[in-house]
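Asks: Residue strings, one per chain:
Protein chains: 2
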Amino acid sequence: MSDEFAFIKDIQPARLFHEEMVIGIGDDAAIVSFEDGYEKIVCVDTMVEDVHFTRQTMAPFDIGFKALAANISDVAAMGGYPMYYLVSITIPKSWKPDELKEIYNGMKQLGDQYEMDLIGGDTTSGKTMVLSVFVIGKVEKGKRLLRSNAKEGDVVFVSGSLGDSAGGLDILLHNRPVAYQTLVTKHQQPKPQVALGRILSRYERVSLNDVSDGLASELLEIAEASQVDILINKETIPISDDLRNYDADKAFSWAMTGGEDFELVGSLPASDWDSLHEKCMASGIPISKIGSVQGGQGQVFLKTDEGLQKLKKEGYNHFNRS
Amino acid sequence: MSDEFAFIKDIQPARLFHEEMVIGIGDDAAIVSFEDGYEKIVCVDTMVEDVHFTRQTMAPFDIGFKALAANISDVAAMGGYPMYYLVSITIPKSWKPDELKEIYNGMKQLGDQYEMDLIGGDTTSGKTMVLSVFVIGKVEKGKRLLRSNAKEGDVVFVSGSLGDSAGGLDILLHNRPVAYQTLVTKHQQPKPQVALGRILSRYERVSLNDVSDGLASELLEIAEASQVDILINKETIPISDDLRNYDADKAFSWAMTGGEDFELVGSLPASDWDSLHEKCMASGIPISKIGSVQGGQGQVFLKTDEGLQKLKKEGYNHFNRS
Numbered sequence: 001m002s003d004e005f006a007f008i009k010d011i012q013p014a015r016l017f018h019e020e021m022v023i024g025i026g027d028d029a030a031i032v033s034f035e036d037g038y039e040k041i042v043c044v045d046t047m048v049e050d051v052h053f054t055r056q057t058m059a060p061f062d063i064g065f066k067a068l069a070a071n072i073s074d075v076a077a078m079g080g081y082p083m084y085y086l087v088s089i090t091i092p093k094s095w096k097p098d099e100l101k102e103i104y105n106g107m108k109q110l111g112d113q114y115e116m117d118l119i120g121g122d123t124t125s126g127k128t129m130v131l132s133v134f135v136i137g138k139v140e141k142g143k144r145l146l147r148s149n150a151k152e153g154d155v156v157f158v159s160g161s162l163g164d165s166a167g168g169l170d171i172l173l174h175n176r177p178v179a180y181q182t183l184v185t186k187h188q189q190p191k192p193q194v195a196l197g198r199i200l201s202r203y204e205r206v207s208l209n210d211v212s213d214g215l216a217s218e219l220l221e222i223a224e225a226s227q228v229d230i231l232i233n234k235e236t237i238p239i240s241d242d243l244r245n246y247d248a249d250k251a252f253s254w255a256m257t258g259g260e261d262f263e264l265v266g267s268l269p270a271s272d273w274d275s276l277h278e279k280c281m282a283s284g285i286p287i288s289k290i291g292s293v294q295g296g297q298g299q300v301f302l303k304t305d306e307g308l309q310k311l312k313k314e315g316y317n318h319f320n321r322s
Numbered sequence: 001m002s003d004e005f006a007f008i009k010d011i012q013p014a015r016l017f018h019e020e021m022v023i024g025i026g027d028d029a030a031i032v033s034f035e036d037g038y039e040k041i042v043c044v045d046t047m048v049e050d051v052h053f054t055r056q057t058m059a060p061f062d063i064g065f066k067a068l069a070a071n072i073s074d075v076a077a078m079g080g081y082p083m084y085y086l087v088s089i090t091i092p093k094s095w096k097p098d099e100l101k102e103i104y105n106g107m108k109q110l111g112d113q114y115e116m117d118l119i120g121g122d123t124t125s126g127k128t129m130v131l132s133v134f135v136i137g138k139v140e141k142g143k144r145l146l147r148s149n150a151k152e153g154d155v156v157f158v159s160g161s162l163g164d165s166a167g168g169l170d171i172l173l174h175n176r177p178v179a180y181q182t183l184v185t186k187h188q189q190p191k192p193q194v195a196l197g198r199i200l201s202r203y204e205r206v207s208l209n210d211v212s213d214g215l216a217s218e219l220l221e222i223a224e225a226s227q228v229d230i231l232i233n234k235e236t237i238p239i240s241d242d243l244r245n246y247d248a249d250k251a252f253s254w255a256m257t258g259g260e261d262f263e264l265v266g267s268l269p270a271s272d273w274d275s276l277h278e279k280c281m282a283s284g285i286p287i288s289k290i291g292s293v294q295g296g297q298g299q300v301f302l303k304t305d306e307g308l309q310k311l312k313k314e315g316y317n318h319f320n321r322s
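The listed protein sequences correspond, in order, to chains U and G. The first sequence: position 144 = 144 (our numbering), numbered continuously. The second sequence: position 38 = 38 (our numbering), numbered continuously.
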């Protein structure tokens, strides 16, 4: 990689989905327009080599795909559409130009599905590969789905199945024969739940989070932000057959604390549950009722055969891990 | 630094300048509103330890200050106001909590001057300190100042003086006695030229760039984007007395290729020059006429006593440096 300028030209998109709304790519900054009536959603997520991924567990394509997926998931958790992204990448000398292009290809493949435009970025050199993606999205005014929206009596729901990403990582770390490709794919190329976020944005009141750090951690964030307690039932936590077959002993623990599933978890009034369930079925989105919101001060309890267990934040915490 | 969550709480601003327009800090993403009639400006700039700074040349406060300054400068170069920023920081174990806080204090001190709100971010661990700042600003519709706006007959101008930042770095690297604190300050805490960008936004047609990579490189970008040639006069390049006194031999070379001065350079119709000069004088903003735009295909020439010299992009290029 002899020239930063040449590289930037190389990764510039040939065409833009929002052609009429973007000006100045390659200038000092990008300029974007939005239709009136929308609020803008902005978020950033960073992946660091040997902290969030290794060359063993993730191909360059996957690294790009997942970094963008994590951000799109944050937009989905606000009920919005993703529209634009900017990429700041710190590149160690050991990375080859083709590998760097693959990172951008991974972002492009996912971004194209949502008609997202790459509108800017920064490339720097450094000792560790660091990939920061900034995403800008939009949501109709007043429609955002905050963590603080939960109320007593709500149904607590979660989409898809949990723990698959952690199971996939376990397969990769132990070089297991890939009998469970669905788990590996869920780890390397997680799918953000934008369609579900949009369905949820049509309801009057929804609390919502995406499962990036693990179910226990996400529920605690909702309970704390809403100043309520949450009670979930162990037997209703959705765990895939593949995960149970791969490791029945660890499946539940991965589901609770594994993280990086990028499913959506939240609550809405019990009277809206049937309607939501029906809409999700019609759209092919698996969704499960896993518990209820109760009066309280921010605690989460798991109901098992042995009784109630109080959950702690055991999700992914970079400072503790390092 | 035992807990990421505690750290994030610690750096959350106590109050917001744009209180009514921001929702959801600490949620999955931040949501911001804008008045109608504005376009949004977005940019990102990253600083990497041992590439863009060392612990020897920059205090933690300076690192934060300068990372935000570089982004505000990009917004200024589009003629806009900066409004919001998000910070992604990768933290090696060797950094102490107090030092991290100082990074955010440096950003806050500069951001407060522009009533900017810190609305989100991501913290990760890693082997190298990497600080990515993402800034969102606004500019009235149709008012942006692009590099591609230069036309034959324009006056070429630059604000302030050039090369001071490179001189300041030289002082720091060689542990010189600090007789030239202005140069050191220009390197550690550069001031973005937002007020000048706003003045320029009121003119009909302005091409504009900020001096991040060096004057030669910035002018070449304007010449290429506008498909014109630019001719500048050596004797009119603004160089401060402090820089000449510090190192008369190197001053001119630093002015041309040193970079990180974060002054604004650009062009506008010759008929607007007197008015611009007058407005800048009235606002206490030094500005110099350094040349003119001519017909051509993207080249920049320097006129010296020995004749014309064709300039090459010799600015800061991370890939070549490493």
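Bear in mind the hints are in silico, worked out from the structure with no lab data behind them. Treat the hints loosely; a few may be bogus.
Copies of the same chain look alike in the list, so a pair counts if it fits in one copy or across any two.
[To be verified] Below, computed lysine-lysine pairings styled on BS3-like, alpha-carbon distance capped at 30 Å:
1) Lys-93 / Lys-127
2) Lys-312 / Lys-138
3) Lys-96 / Lys-303
4) Lys-250 / Lys-101
5) Lys-312 / Lys-96
6) Lys-313 / Lys-93
Computed from a predicted structure; not experimentally measured.
Asks: Now, for every hint given, state plainly whether the structure supports it.
Replies: Verification of the hints:
Within a single copy, Lys-93 and Lys-127 get their C-alpha atoms as close as 8 Å, and across copies as close as 15 Å, so both meet the 30 Å cut-off. Taking identical chains as interchangeable, the C-alpha atoms of Lys-312 and Lys-138 are never at most 30 Å apart, the minima being 33 Å within one chain and 42 Å between chains. Taking CA atoms no more than 30 Å apart as the test, Lys-96 paired with Lys-303 passes in neither setting, with 51 Å inside one copy and 41 Å between copies. For the identical chains of this complex, Lys-250 and Lys-101 are neighbours neither inside a copy (36 Å) nor across copies (39 Å), given an alpha-carbon limit of 30 Å.
Within a single copy, Lys-312 and Lys-96 get their C-alpha atoms only as close as 42 Å, which misses the 30 Å cut-off; across copies the closest is 27 Å, which meets it. Proximity of Lys-313 and Lys-93 under a CA criterion of 30 Å is satisfied inter-copy only: 22 Å between copies versus 37 Å inside one chain copy.
Comparing the model with each earlier hint shows violations of hints 2, 3, 4; every other hint is respected.
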